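A.B. asks: So you can see what is in the structure, the chains are spelled out below.
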Amino acid sequence: MAEKVLVVFEKPIYLSFEPVDPHLFATALGVVDTPLEISVLLKDSAVTYAVADQTVSAKILGQEIMGENTSPSRIVRFMLEHGATVRVVREHLEERGLVPENLVGGVRVVDEKETVDVIEEHDSVIVW
Amino acid sequence: MGKTEPPGSKKKKTQKVAIILSTGSYQREAPTTVLRLAEKLLERDIEVNVFAFEEAVTLTNRDQIEHNEPPSLRKVLGDRHVYVGKFVDQLLRVGLHGAKMDWVTCVLCAQERGVENHQIGGSIVGTLGDLWKFVRGADHVIAIPTYR
Amino acid sequence: MKRFLVVGSRDLTEYVNGKYVPLVVEELRAKGHDVTLFLIENGVIAARDGSKAGKVLNGLSDKGARVYAEDVSCRARGVQTLASGISFSNLDFLADSIAEGFDNIVWY
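Just so you know, the protein sequences line up as chains A, B and C, in that order.
Start counting the first sequence at 10; every next residue gets the next number (our numbering).
Start counting the second sequence at 3; every next residue gets the next number (our numbering).
Start counting the third sequence at 2; every next residue gets the next number (our numbering).
Don't take each hint at face value.
For lysine to aspartate or glutamate, the following EDC-like pairs were computed, each having C-alpha atoms within a straight-line distance of at most 20 Å [said to hold, decoys possible]: (1) A:Lys122 / C:Asp93; (2) B:Lys15 / B:Glu49; (3) C:Lys20 / A:Asp126; (4) C:Lys20 / C:Asp63; (5) B:Lys15 / C:Asp104; (6) A:Lys20 / C:Asp12; (7) B:Lys88 / B:Glu68; (8) B:Lys18 / A:Asp126.
By construction, these hints were calculated from the structure, which means they are not laboratory data.
Just so it is clear, the structure is predicted and the values come from calculations on it, not from any experiment.
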């Protein structure tokens, strides 16, 4: 039985006619609606999901395609509020000109090698 | 090809595997691998639960056909090619007489793509709750990344 | 010690994580775990004898990881000879291995 599940995001999806990356959506649902202990690891360009200031909005023919004020960072906050652990990889932040101060409060920053410890600690790993 | 032996100690017998698939076919190899692996697991009496997410909901679209190839290319392509839904259907039928495969299609993803009412008989339109129940109940979870 | 199965289905010579998958295998081995790396789909491209990535994979083998390349994927890509330290394998082997049970399977 899998009880501790690590969910890994690598490539961000924005403005895809979904309110948010569907994998993020599914993960948040797992966090809030199931007894599983779900942790999130943001690596590569998906570290941007943890950046605090995100405004996801676009218009086509004057019509907003985003129905709600939704963003990945809002989902990250939501998951943290519901007890999930969210980690980002330090080297991948730095490569993209980001520092921990840019992130949503409560997100943990780990070195790339530490991600192996994180993998080790979980029963199952989902790489979206 | 050299013969290889399975590694290490025989810790436990796996009974249930959950597979999460998010990619459609015709551009990606992942569904082929999943179906090939599912066949092998079923042969070993292992229950397989597939959760088809995102583009994978099109794999079980019942309206797929073996279309004719363009005449000018038939010399190199043949007359027609098979479609993926046929193999999902056949693997579901294998479960009638042995270890079963369940195939759950994400309702939200199917609605977005207009295929909710076009699913083959054995595909169960379900929710993300089913995904997490599959994960929780599995001895092993195999999640196929979307991007390759 | 735990038993890990790492499946590499992406092209390690191209994908940005081409360095990450070997890192995971190497670090798990360094921690004393039993690690099998099973290359499939475009993952086998790195296993071809003479490839630069093949040397990396050979290094993992030297460190005690078992490294396999799936036969169907190899044949499809014309991979006839593998880099040192890598063996041909197949889906029966993968299914047998899963049947016997790993502590964790990570599919990249």
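A.B. asks: Now, for every hint given, state plainly whether the structure supports it.
C.D. replies: How the hints compare with the structure:
no.: 1; hint: A:Lys122 / C:Asp93; verdict: violated (32 Å)
no.: 2; hint: B:Lys15 / B:Glu49; verdict: holds (12 Å)
no.: 3; hint: C:Lys20 / A:Asp126; verdict: holds (17 Å)
no.: 4; hint: C:Lys20 / C:Asp63; verdict: holds (17 Å)
no.: 5; hint: B:Lys15 / C:Asp104; verdict: holds (12 Å)
no.: 6; hint: A:Lys20 / C:Asp12; verdict: holds (16 Å)
no.: 7; hint: B:Lys88 / B:Glu68; verdict: holds (10 Å)
no.: 8; hint: B:Lys18 / A:Asp126; verdict: violated (26 Å)
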